[in-house]
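Please build the complex by placing chain E on the supplied structure of chain H, with the hints as guidance.
Residue numbers (this note's numbering), protein chains in the order written: chain H, 1 to 304; chain E, 1 to 309.
If you are wondering where the hints come from, they were derived from the structure by calculation, not from laboratory data.
For each residue, glycine too, the CB sits at the ideal point set by N, CA and C.
Treat the hints with care, as some may be off.
[Claimed, not checked] Some chain H residues well away from chain E (every beta-carbon gap over 12 Å; in silico): (1) 28; (2) 79; (3) 88; (4) 100; (5) 173; (6) 188; (7) 211; (8) 257.
[Said to hold, decoys possible] Once the Cα atoms are required to be at most 20 Å apart in a straight line, the calculated DMTMM-like pairs of lysine to aspartate or glutamate come out as: (9) E:89 - H:293; (10) E:37 - E:224; (11) E:93 - H:225; (12) H:30 - H:225; (13) E:93 - H:171; (14) E:225 - E:163; (15) E:93 - E:163; (16) E:293 - E:304; (17) H:80 - E:224; (18) E:37 - E:142; (19) E:283 - E:224; (20) H:283 - H:293.
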Amino acid sequence: MSVNELWVILTGIFVAASCGILGCFLILRKMAMVGDAISHSVLPGIVIAFLISGSRDSLVMTLGAAVFGLVTVFLIQLFKNSGVQTDASIGVVFTALFAVGIVLVSVYTRQIDLDLDCVLYGEIAFVPFDRITLFGMDAGPKAIWGTGITFFITLLVVSLFYKQFKITSFDPAMAASVGIPVALIHYMLMGLVSLTTVSSFESVGAILVLGMLVVPAATAYLLTERLSVMIVYSVAVGIVSTILGYYAAVWLDASIAGCIVTVAGIIFGLTFIFSPSHGMISKWWRKRKILQEDHAKQAQLETA
Amino acid sequence: MTWFEILKEPNIQWILWACTLLGIGSGVIGSFAYLRKQSLMGDALAHVALPGVCIAFLLSGVKSIFLFMLGAMVMGIISTFIMSYITRKSRIKQDTAIAIILSVFFGLGIVLLTYIQHNANGNQSGLDKFLFGQAATMIRSDVIVMAIISAILIVICTLFFKEFKLASFDAGFAKGLGYPVALIEQLIMFLIVIAVVVGIQAVGVVLMSALLITPAVSARYWTEKLGLMVFLSGLFGGVSGVIGTIISASGNNLPSGPLVVLSATGIFVFSILFAPSRGVVSKFLLRQSVKRKVEKEKQMQLRERGSSI
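Looking at chain H on its own, in the form it has when it is part of the complex:
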């Protein structure tokens, strides 16, 4: 394994781990599409940051994106509170912001040169080539730092406030009654999602972020009844998909991000069929067993 391969896989693993943790809470709160929404609605933030600063420095753009990530989350909550369904509220907000972004791009791109593809849809294969220098020394690829720091922040915040996150996800009314600041916890979670999305998509692409947020968490959801176990499984599925997906991509000569998500999808499919607790086969087996017992009981009754 060459060093560059290692960097790419390590970046993927950091993304998979932070997304795997946050995804569990998202699907429990029925907000799985928030990741998709954020990854689209940060476009105006990126363009505005670029227009103000005039540079394509990725730190400034990430800052702009982060601001709009939070704006998105805030607007979704605002419309939800005024009576719009969650899914529709997500849809209205991200499409509107994305439209603003496209209009801004088409108004201003004639003067400037802002490659939308590069900004919005990063390519994980290029991770090793965009390096950072600290104190005059080569400190490794930039993406490793971005995604790594995000992972540690996520891990820290979630483990510090694990109980609060858990109760607000399962029963917000109870959480409020025992004095947990539900709205604050909600915004903390959404802030983390926003941070993860923004820090990851620049290096690995939006689709990988969305896939890693949802698919491993949903797989884990089919395997266990405990939130802590679900998070561990979710991260594990994400990491396995990253490693397998990387080699599948090398073998097929195709997009790494696409392959990782596809592998995660295959793992989900297998779990859906074979999971011992919630899989199709075990469910069918249990149903058959109940029917058989039923028949046996009836036969007994008839003979008696």
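Coordinates of chain E only, in the frame set by chain H:
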């Protein structure tokens, strides 16, 4: 140029018609999607179209809009089957199922696209153009297709209005009455697939999903009756199409798709603020008047108590 002069240009007329018809059709079917909490299905289906287009290209080896649409449609139908299977048979909720479908299918689409780019012989460029939509290149035949599709959508929604209504509000009751609920649900999904596949060409992936969601949400603010809501949603969609196209044509060549979406968003913001009884302003006024009434009653009570002492 004045507004009328703009509207007289034949080229712009086609775009105008296309956007309006698309707005009406997707507004109508979007109301049902909204009620069934499947608003984001449009977004997912628009992404699912990518592997469909790629597979159509891999199998046929030619770039034909018709084959691309067919591929996107077949893929869309397969994905709706998988989605409803996942939600029905497991404890995974609908929003998660939609997100899984979106990301996995789009990921697969990217794999296929890069595979084609690296392995096929060079004539694959423009495959993704299909997905990003260019209303400006719309020609007469496209508009006719859109008119037919929108008409079909509206006719089917009118014919099966009762069935759709029942299945959307109370699926259990509909099943009890003997309606084939699964079939009706699949039909609604199928209509969404058609609207999306036709629409992505015109306005692009993300903006197509806006046309399915935003007019329906806005319409929900104005009425409690489904019939009126569907009508209003179609109307809002159509009006957004007209306004967006006119601004696009009179401005500095701004793209029409995002402007249509922004017009729809404008209608949404207006609705959320000023709709009677559900709007923010009327709720505020109501609260104020209740407050005043309570104050008045309190004062009267105090006065009565004062006089009785």
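Hints versus structure:
With 12 Å as the threshold on Cβ separation, the claim that residue 28 (chain H) sits away from chain E is violated: the shortest Cβ distance comes to roughly 9 Å. With 12 Å as the threshold on Cβ separation, the claim that residue 79 (chain H) sits away from chain E is violated: the shortest Cβ distance comes to roughly 7 Å. Not every beta carbon of chain E lies more than 12 Å from that of residue 88 (chain H), the smallest distance being close to 4 Å; the non-interface claim is violated. Consistency note on residue 100 (chain H): stated as away from chain E, yet its beta-carbon is not over 12 Å from all of that chain's, at 7 Å minimum.
Listed as a non-interface residue, residue 173 (chain H) keeps its Cβ farther than 12 Å from every Cβ of chain E; the least gap is roughly 19 Å. At the 12 Å boundary, the C-beta of residue 188 (chain H) stays outside the reach of chain E, the nearest C-beta of that chain being 21 Å off. With a least beta-carbon separation of about 4 Å from chain E, residue 211 (chain H) fails to lie farther than 12 Å from that chain, contradicting its non-interface assignment. Remark: the non-interface label on residue 257 (chain H) conflicts with the geometry, its nearest Cβ contact in chain E lying 7 Å away (cut-off 12 Å).
Taking the CA atoms of residue 89 (chain E) and residue 293 (chain H), the gap is near 23 Å; set against the 20 Å cutoff, the hint is violated. For the suggested pair residue 37 (chain E) and residue 224 (chain E), the alpha carbons sit about 17 Å apart, so the restraint of at most 20 Å is met. As the CA atoms of residue 93 (chain E) and residue 225 (chain H) are separated by approximately 15 Å, the hinted pair is consistent with the 20 Å bound. Between residue 30 (chain H) and residue 225 (chain H) the CA atoms are separated by roughly 17 Å; this keeps the pair inside 20 Å, and the hint holds.
For the given pair, residue 93 (chain E) sits about 17 Å from residue 171 (chain H) by alpha-carbon distance, which is consistent with the 20 Å threshold. A hinted pair counts as satisfied when its Cα atoms are at most 20 Å apart, and residue 225 (chain E) with residue 163 (chain E) qualifies at roughly 15 Å. A C-alpha spacing of about 24 Å is found between residue 93 (chain E) and residue 163 (chain E), which places the hinted pair above 20 Å, so the restraint is violated. With a CA separation close to 16 Å, the supplied pair residue 293 (chain E) and residue 304 (chain E) stays within the 20 Å bound.
With a CA separation close to 18 Å, the supplied pair residue 80 (chain H) and residue 224 (chain E) stays within the 20 Å bound. Restraint check: the Cα-Cα separation between residue 37 (chain E) and residue 142 (chain E) comes to about 31 Å, which exceeds 20 Å; the hinted pair is violated. Annotation: proposed proximity of residue 283 (chain E) to residue 224 (chain E) holds, straight-line Cα distance about 16 Å (limit 20 Å). Restraint check: the Cα-Cα separation between residue 283 (chain H) and residue 293 (chain H) comes to about 15 Å, which is no more than 20 Å; the hinted pair holds.
Checked against the numbered hints given earlier, this structure breaks hints 1, 2, 3, 4, 7, 8, 9, 15 and 18; the rest are met.
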